[in-house]
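Trainee: Spelled out from the first residue to the last, the chains are:
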Amino acid sequence: SQTIHQWPATLVQPVGSPLSLECTVEGTSNPNLYWYRQAAGRGLQLLFYSVGIGQISSEVPQNLSASRPQDRQFILSSKKLLLSDSGFYLCASTILATNEKLFFGSGTQLSVL
Amino acid sequence: SQELEQSPQSLIVQEGKNLTINCTSSKTLYGLYWYKQKYGEGLIFLMMLQKGGEEKSHEKITAKLDEKKQQSSLHITASQPSHAGIYLCGADRRYGGATNKLIFGTGTLLAVQP
Chain S
97 SQTIHQWPAT LVQPVGSPLS LECTVEGTSN PNLYWYRQAA GRGLQLLFYS
147 VGIGQISSEV PQNLSASRPQ DRQFILSSKK LLLSDSGFYL CASTILATNE
197 KLFFGSGTQL SVL
Chain X
4 SQELEQSPQS LIVQEGKNLT INCTSSKTLY GLYWYKQKYG EGLIFLMMLQ
54 KGGEEKSHEK ITAKLDEKKQ QSSLHITASQ PSHAGIYLCG ADRRYGGATN
104 KLIFGTGTLL AVQP
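So the sequences go chain by chain: S and X. Under my numbering, think of the first position of the first sequence as 97, with each following residue one higher. Under my numbering, think of the first position of the second sequence as 4, with each following residue one higher.
Keep in mind the hints are simulated off the structure, nothing from the lab. Mixed in with the good hints there might be a few duds.
What the hints assert, rightly or not - Partial pick of chain S residues on the chain X-facing surface, computed with a CB cut under 8 Å: (1) LEU142; (2) GLY148; (3) LEU198; (4) PHE200; (5) SER202.
C-beta atoms are modelled at their ideal positions from N, C-alpha and C, and glycine is treated no differently.
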């Protein structure tokens, strides 16, 4: 069965510091991968998605970037964090052949102070 | 503007009561997904609806998609404390390609009082 690993679970970072959140997928190959952000009291906002290694599409302009160095690895990064980057970050995966549903990781709670 | 509107934003019910959460879109939905989220955790898939008029049930939760495929409802019968959490509807924004990009509503926070 497919599982998604996200780490860390929580992170407190000062403004201006760098960020690296990692997501790895097991149990499938060539998945579509997604990064969502959930701000307090709001729904999920799609940030990036990837259909393959090195292929990244950005949904909204922002201070963040994403990379996919391996088929089942998706990384969310920032060179300098802003206060507005705080939120709950979720990695998700879908299988291209089915496209029936998204599987989500357990999320990373990021607080920028 | 928010493409998916959920109502109510929050809901408090007594244990044993029935409740309904709605999800509305101004555009036709090609796929409608319901997820549940415990605070600070990932999303758990509940059900997916694709056809107009479709209805699916799992245990005490029933989801429906209207004939026009612009509105979905999630109904919980005889609510229990384990039903508490945030319920999110998501819609498929497939543009004819293989990429499946889900957009989500703002969520409904459900509390069930014993």
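Trainee: Take the hints in turn and mark each one as holding or not.
Mentor: Hint check results:
no.	hint	in the structure
1	LEU142	holds, 6 Å
2	GLY148	violated, 11 Å
3	LEU198	holds, 6 Å
4	PHE200	holds, 4 Å
5	SER202	holds, 4 Å
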